[in-house]
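To convert, note that position 143 of the sequence shown is 143 in the working numbering; the numbers rise steadily by one, no gaps.
If you are wondering where the hints come from, they were derived from the structure by calculation, not from laboratory data. Only a predicted model underlies this, so the values are computations on that prediction, with no experimental measurement involved. Note that the Cβ used here is the ideal one computed from N, Cα and C, for glycine as well. Please note that the accuracy of each hint is not assured.
[What the hints assert, rightly or not] Below, simulated DSBU-like cross-link-like pairs (lysine-lysine); rule was C-alpha separation at most 35 Å, straight line:
1) LYS251 <-> LYS267
2) LYS140 <-> LYS209
3) LYS12 <-> LYS96
4) LYS243 <-> LYS120
5) LYS207 <-> LYS267
[Stated by the list, open to error] Taking CB as the label site, the calculated pair distances span:
6) ASN25 <-> GLY260: 46 to 54 Å
7) LEU129 <-> GLN47: 17 to 25 Å
8) GLN24 <-> ASP249: 46 to 54 Å
9) LYS9 <-> GLU116: 24 to 32 Å
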Amino acid sequence: IEPLVFMFKTGKLEAKLAALNALQNLLISTKNISHVISFGILPPLLQLLFSVTSSLMTLREPASAILSKIALSNSIVEYKDLPNQLLSLLNLSNSKIKRHVLVALNNIASHPSAYEVRSKVNQNGTMQLLLPLLKEADSKIRVSALNLLYTITKDVAEDYKFSEVIGGDYLQTIVHIVSSSSGDSEKGAAVGLLSNTPVGDENAIDKLKKTNLLPMLVSLLGSSSSSSSMCRLQESAAVIFVKFTLPSDKKMQLYVIEVGVIPVLVKLLSNGSSVAKSRAARSLAQLSQNTFSLRRPKNTRWCVPSPTGASCEVHDRFCTIKGGFCLVKSGAVLP
Numbered sequence: 001i002e003p004l005v006f007m008f009k010t011g012k013l014e015a016k017l018a019a020l021n022a023l024q025n026l027l028i029s030t031k032n033i034s035h036v037i038s039f040g041i042l043p044p045l046l047q048l049l050f051s052v053t054s055s056l057m058t059l060r061e062p063a064s065a066i067l068s069k070i071a072l073s074n075s076i077v078e079y080k081d082l083p084n085q086l087l088s089l090l091n092l093s094n095s096k097i098k099r100h101v102l103v104a105l106n107n108i109a110s111h112p113s114a115y116e117v118r119s120k121v122n123q124n125g126t127m128q129l130l131l132p133l134l135k136e137a138d139s140k141i142r143v144s145a146l147n148l149l150y151t152i153t154k155d156v157a158e159d160y161k162f163s164e165v166i167g168g169d170y171l172q173t174i175v176h177i178v179s180s181s182s183g184d185s186e187k188g189a190a191v192g193l194l195s196n197t198p199v200g201d202e203n204a205i206d207k208l209k210k211t212n213l214l215p216m217l218v219s220l221l222g223s224s225s226s227s228s229s230m231c232r233l234q235e236s237a238a239v240i241f242v243k244f245t246l247p248s249d250k251k252m253q254l255y256v257i258e259v260g261v262i263p264v265l266v267k268l269l270s271n272g273s274s275v276a277k278s279r280a281a282r283s284l285a286q287l288s289q290n291t292f293s294l295r296r297p298k299n300t301r302w303c304v305p306s307p308t309g310a311s312c313e314v315h316d317r318f319c320t321i322k323g324g325f326c327l328v329k330s331g332a333v334l335p
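Could you put together the complete structure from these sequences and hints?
Written as structure tokens, this is what we have:
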């Protein structure tokens, strides 16, 4: 590895290209990442990416690909100025380089020790730089931008105004991706970003309701496969359901029931990942908190018989799914 890094630093154009291609192959194994960094590849790599010399243009794509790989190393977080440097590259690059830069940024921001990076990137006008990428024709760029936006907003506080930062137009764009994209990974990335909406941002929750996001999620999860992308979609959708089923908002809970969320939650309890199961159970628990206040007593006036099977063995009253959010009637739990 050291001779290849030296060749890249000091060699002529053909030697540099050969070294970069060889390093790309070596970085397929993540064990080699720390060695490449320790031999000092990062400074000349960045210098190359910012170069405007026409003869070096052919080197920028493999250089950006290598950068996205070495960004997987936790030691990359030590380079405090790197995220801002990479952000400035987005407007200076072609589609392939732009995608590698976005992946590199997401890899850096995803490190557990990168909270400060996520916070700073989120505060420095990054949204205004990244959001337009959601309308790019290249789906790989859209997915990479969505993943980065998800990462830098996952730590936001409950008073974070998601709807103001993202903006109504881009909220609609993200929901449109959920409904129209042909790729599971892009849908999963879009739902993941929407799942970061803080519970305290009632404006954002209301806007998402008006976009008919929940019926879309019900449809998607009703026919979902078991791929890793769909697993992410399930887990993120389950977070959104939690935020739409708060016990304090009975009106919203009624809406959730009307669009058919309960059968999806029950399905997640059976077939979802452990994360999706936990979140689905939380939504059902929140719905059930209003069961006692909404149930009807058994004794009815005028001796009119109640519907057959409506009486609930657990609550000893007449329960329904839509009217009382009863978990027994929904099939989520056995009596």
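Original post:
Which hints, by number, does the structure contradict?
Top reply: none
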